[in-house]
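Asker: If you want the building blocks of each chain, they are given just below.
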Amino acid sequence: MGEEIKILEAFPGLQKDPDFKITSQDDPDYNCIAWACHYNNRWMWPGGIEKKIADGFHYWPDGVDDTTEVSAFISAFEKKGYMVCDNADFESDYTKIALYVKRGTTECTHASRQLRNGKWTSKLGQSYDIQHGTPYSIEGDIYGEVSCIMKGEFK
Amino acid sequence: MQLNLLGQAIRPLTLAAGIALAGPMMYADLDQYSAITSVITSHRTESYLRQMDSNENKYQRYERRFKLLLQLWKQKTEFLSSAKSIVDNEEFKGIVAMGYDVVPFILDSIEQEPSQLVWALNYIYGVKISNNPNTTVKEACKLWVKRLRS
Numbered sequence: 080m081g082e083e084i085k086i087l088e089a090f091p092g093l094q095k096d097p098d099f100k101i102t103s104q105d106d107p108d109y110n111c112i113a114w115a116c117h118y119n120n121r122w123m124w125p126g127g128i129e130k131k132i133a134d135g136f137h138y139w140p141d142g143v144d145d146t147t148e149v150s151a152f153i154s155a156f157e158k159k160g161y162m163v164c165d166n167a168d169f170e171s172d173y174t175k176i177a178l179y180v181k182r183g184t185t186e187c188t189h190a191s192r193q194l195r196n197g198k199w200t201s202k203l204g205q206s207y208d209i210q211h212g213t214p215y216s217i218e219g220d221i222y223g224e225v226s227c228i229m230k231g232e233f234k
Numbered sequence: 069m070q071l072n073l074l075g076q077a078i079r080p081l082t083l084a085a086g087i088a089l090a091g092p093m094m095y096a097d098l099d100q101y102s103a104i105t106s107v108i109t110s111h112r113t114e115s116y117l118r119q120m121d122s123n124e125n126k127y128q129r130y131e132r133r134f135k136l137l138l139q140l141w142k143q144k145t146e147f148l149s150s151a152k153s154i155v156d157n158e159e160f161k162g163i164v165a166m167g168y169d170v171v172p173f174i175l176d177s178i179e180q181e182p183s184q185l186v187w188a189l190n191y192i193y194g195v196k197i198s199n200n201p202n203t204t205v206k207e208a209c210k211l212w213v214k215r216l217r218s
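Listed in order, the protein sequences are those of chains A and B. Residue numbers for the first sequence follow the numbering used here, so the first one is 80 and each next one is one higher. Residue numbers for the second sequence follow the numbering used here, so the first one is 69 and each next one is one higher.
If we strip away everything but chain B, and leave its shape as in the complex, we get (with noise of 0.2 Å):
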C-alpha cells in the first residue's frame, strides 16, 4: 500500500523531470481545456508552433487593446459633436497609433456599426476615401471596407 502511494507520488516527479532536462528540444503544451500535456520533440515543428504562437499572441494582444481603447473612446465622446474632442481624445490617439496593425479591426467594427472611428483611417493613411465633398460618414464606412478589403 505504502509501496504504491510512494510510486503514484513520483511518476509526475519523473515525468516534469523529463520535460525540464529536453528543455529547449521541446515543445510543450498544457492544453487549457484538456488540461493535455503534449511534447513534441521535432525542432522545426517546435518553431513552427512557438511562430504560430507569437503570430497568435500579437494579434489577441493587438484586438484586446484595441477593443479596450475603442470601449473607452466611445464612453468618452458618443455625445460630442466637436470633431477635435473626437480625434483629439487619447484613446482615439492610441488607435491611431497602432498604425497599419490596427486596420482590421477598424474594418470590422465600421463594417458592424459605422462611427467617426472612420475618422482614425483618415489619420493612419493621411488620405480621405472620396473627394465627394457630400460623402457621409455612413457612405466613407463602406468606401474604406470596400478598398481595403478588395
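Chain A with its partners taken away, still in its complex shape (with noise of 0.2 Å):
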C-alpha cells in the first residue's frame, strides 16, 4: 500500500485513473525503454560516459544518435518497426507506445506501451511495472507530456 501512496504522489494523475494498478516488483534490471520494447533484462538509454562506467548499461541500437532527444527514440522504435502515428486509441492488429518530453523540450524522459487489453503499461525508472488506463495519466513533472506516439504491427 505504502508504494501505491507513493506513485499516487508521484503521478497525480493516476488518482482518478480505475485502472491504475501495480504490476510487479521493483526490479533495477531494466527500465522504460527496455520494458516497452518486451526486454526486462537490460537498460535502454542512450549514454555518454555513463554507458562506458555503468554495469548493466549496456544496450541501444547502433545506428542510432546517442542523444536524449526525442528523435533518437523516435529512430531507436522504428528500428524496431514502428512508425508515428497520430492517437493512442486501440487497434487490436498494433502494439502502441507512448513516448514523453520534459514540457518546453525535446528531452524524452519516458516510454510506455499500450497492452493487449487496451491499458498501458510502464516501467518506472528503477522500481515497479504499473498499468495506466492512458498514456495520459502519467503526465506531470517526472516524465513532462506526451510528444509521440508510435505503432507497430502485433507479433
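Worth flagging that the hints you see were computed from the coordinates, not collected in a lab. Some clues are possibly wrong.
[Stated by the list, open to error] Below 27 Å or equal to it, Euclidean Cα-Cα: the simulated DSSO-like pairs (lysine-lysine) are:
| # | chain 1 | residue 1 | chain 2 | residue 2 |
| --- | --- | --- | --- | --- |
| 1 | A | 131 | B | 144 |
| 2 | B | 214 | A | 130 |
| 3 | B | 206 | A | 130 |
| 4 | A | 95 | B | 142 |
| 5 | A | 100 | A | 85 |
| 6 | B | 152 | A | 85 |
| 7 | A | 198 | A | 95 |
| 8 | B | 161 | B | 144 |
| 9 | A | 85 | B | 206 |
| 10 | B | 144 | A | 95 |
| 11 | B | 161 | B | 142 |
| 12 | A | 159 | A | 131 |
[As the list claims (entries may be wrong)] Here are some chain B residues pointing at chain A (derived, C-beta under 10 Å):
| # | residue |
| --- | --- |
| 13 | 139 |
| 14 | 140 |
| 15 | 142 |
| 16 | 146 |
| 17 | 148 |
| 18 | 151 |
| 19 | 152 |
| 20 | 155 |
| 21 | 181 |
| 22 | 183 |
| 23 | 184 |
| 24 | 191 |
| 25 | 198 |
| 26 | 201 |
| 27 | 205 |
| 28 | 211 |
Glycine included, each C-beta is placed from N, C-alpha and C at the ideal position.
Could you use the hints to bring the two separately framed chains together as a complex?
Answerer: Next comes the structure, spelled out in C-alpha cells:
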C-alpha cells in the first residue's frame, strides 16, 4: 500500500485512473525503454560516459543517435518496426507506444506501451511496472508530457 | 539539617572541580544510558579510548551522511530511466565523492537491495565489474559484493 501511495503522489494523474495498479515488484535490471521493447533484462538508454562505465547499462541500437532527443528514440523504435501515428486508440493488429518529453523541450524522459487489453504499461525507472488506463495519466512533473505515439504490427 | 543540605550541594562541586583540574590527564565519559561518570587516569588508556571514539565518530558520521544521501537520491531518481539524470544527481555525486570510505555502506545497501547505486562503485573504482555486455544490474551488485568482500 505504501508503494501505491508513493506512486500516486509522484503521478497525481493516476489518482483519477481506475485502471492504475502495480503489476510487478521493483526491479533495477530494466527500465521503461527496455520494457516498451518487451525486455526485462537490460537498461536501454542513450549514454555518454555512463554507458561506458556503468554495469548493466549497455544497450542502445546501433546506428541511432546517442542523444536524449526524442528524435533519437523515434529512430530507435523505427528500427524495431514502429512508425509514428496520430492517436493512442487501441487497434487490435498493432502495439502502440507513447514517448514523453520534459515540458517545453524535446528531451525524452519515458516510454509506455499499450497492452493487448487496451490498457497501458510503464516501468517506472528502477522501481515497479504499473498498468494505467491512458498514456496521459502519468504526465506531470516527472515525465512531462506525451510527445508522440508510435505503432508497430502486433507479433 | 542545614549542614546536611550544604554538604550535599558541595559534593558534586568538589567532584567537578577535581575533574576540571585533572583535565588533560584523564579520560571522562558520561555514559549516555547509565549516566555513570567514569574517570580514567592512565595516559595510554586515555589516548587509546580517545582514538577509538574518534574512529567511531568518523564511521558513524560517514554512515549517517551516506544514509541521508541515499535516501534523497532514491526519492529524486527512483522513477527515472535516464542514466545521466541518475548519476548527475547531486546526492549520487556526494556518495561518489566520499570515495573508498563509503564502499562498505554501498556494499551493505546493494547486497540487501540491488540497485543503480552499484554505479557509484563504477565511478569510485573507475572500472566495470564485468566485461560481459549482458551482465544485469542485479548480477553486477552480486559480483561487486563478492569481489570486495573476498
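Asker: All the hints need checking, so say for each whether the structure fits it.
Answerer: Each hint, compared with the structure:
1. With a CA separation close to 23 Å, the supplied pair residue 131 (chain A) and residue 144 (chain B) stays within the 27 Å bound.
2. With a C-alpha separation of about 23 Å, the suggested pairing of residue 214 (chain B) with residue 130 (chain A) holds against the 27 Å cut-off.
3. Pair hint residue 206 (chain B) plus residue 130 (chain A) holds up; C-alpha atoms about 17 Å apart against a cutoff of 27 Å.
4. Using a Cα cut-off of 27 Å, the hinted pair residue 95 (chain A) and residue 142 (chain B) holds, with the two alpha carbons roughly 26 Å apart.
5. Distance hint between residue 100 (chain A) and residue 85 (chain A) is fulfilled; the C-alpha atoms sit about 12 Å from each other, no more than 27 Å.
6. Restraint check for residue 152 (chain B) and residue 85 (chain A): satisfied, since their Cα atoms lie roughly 23 Å apart, inside the 27 Å limit.
7. For the given pair, residue 198 (chain A) sits about 15 Å from residue 95 (chain A) by alpha-carbon distance, which is consistent with the 27 Å threshold.
8. For the hint linking residue 161 (chain B) to residue 144 (chain B), the alpha-carbon distance of about 13 Å falls within 27 Å, and the restraint holds.
9. Annotation: proposed proximity of residue 85 (chain A) to residue 206 (chain B) holds, straight-line Cα distance about 23 Å (limit 27 Å).
10. Between the alpha carbons of residue 144 (chain B) and residue 95 (chain A) the distance comes to roughly 24 Å, so the proposed pair stays at or under 27 Å and holds.
11. For the given pair, residue 161 (chain B) sits about 13 Å from residue 142 (chain B) by alpha-carbon distance, which is consistent with the 27 Å threshold.
12. Note on residue 159 (chain A) and residue 131 (chain A): the hinted pairing holds, with a Cα-Cα distance of about 24 Å set against a maximum of 27 Å.
13. Because the beta carbon of residue 139 (chain B) sits about 13 Å from the nearest beta carbon in chain A, more than 10 Å, this interface hint is broken.
14. Here the hint on residue 140 (chain B) is broken, as its CB sits about 15 Å from the closest CB of chain A, past 10 Å.
15. Taking 10 Å as the C-beta cut-off, the interface hint given for residue 142 (chain B) holds, the closest approach to chain A being about 8 Å.
16. Of the supplied interface hints, the one on residue 146 (chain B) holds, with its beta-carbon coming within about 5 Å of a beta-carbon of chain A, less than 10 Å.
17. With a cut of 10 Å, the hint placing residue 148 (chain B) at the interface with chain A holds, because the nearest CB-to-CB distance is about 5 Å.
18. For residue 151 (chain B), the interface hint holds, since its Cβ comes within 10 Å of a Cβ in chain A; the closest pair sits about 4 Å apart.
19. For residue 152 (chain B), the interface hint holds, the least distance from its beta-carbon to any beta-carbon of chain A being 6 Å, beneath 10 Å.
20. Interface restraint check: residue 155 (chain B) against chain A, minimum CB-CB distance 5 Å, threshold 10 Å, status holds.
21. With 10 Å as the threshold, the beta carbon of residue 181 (chain B) comes within range of chain A, its nearest partner Cβ sitting at about 9 Å, so the hint holds.
22. A least Cβ separation of about 5 Å between residue 183 (chain B) and chain A falls short of the 10 Å threshold, and the interface hint therefore holds.
23. Hint status for residue 184 (chain B) relative to chain A: holds, with the closest Cβ pair at about 6 Å, below 10 Å.
24. With a least beta-carbon distance of about 7 Å to chain A, the hint placing residue 191 (chain B) at the interface is held under the 10 Å criterion.
25. Given the 10 Å rule on beta carbons, the hint for residue 198 (chain B) holds: about 6 Å separates it from the nearest Cβ of chain A.
26. A cut of 10 Å between beta carbons decides the hint on residue 201 (chain B): the least distance to chain A is about 5 Å, and the hint holds.
27. The beta carbon of residue 205 (chain B) comes within 4 Å of a beta carbon in chain A, closer than 10 Å, and the hint placing it at the interface holds.
28. Because the beta carbon of residue 211 (chain B) sits about 8 Å from the nearest beta carbon in chain A, less than 10 Å, this interface hint is met.
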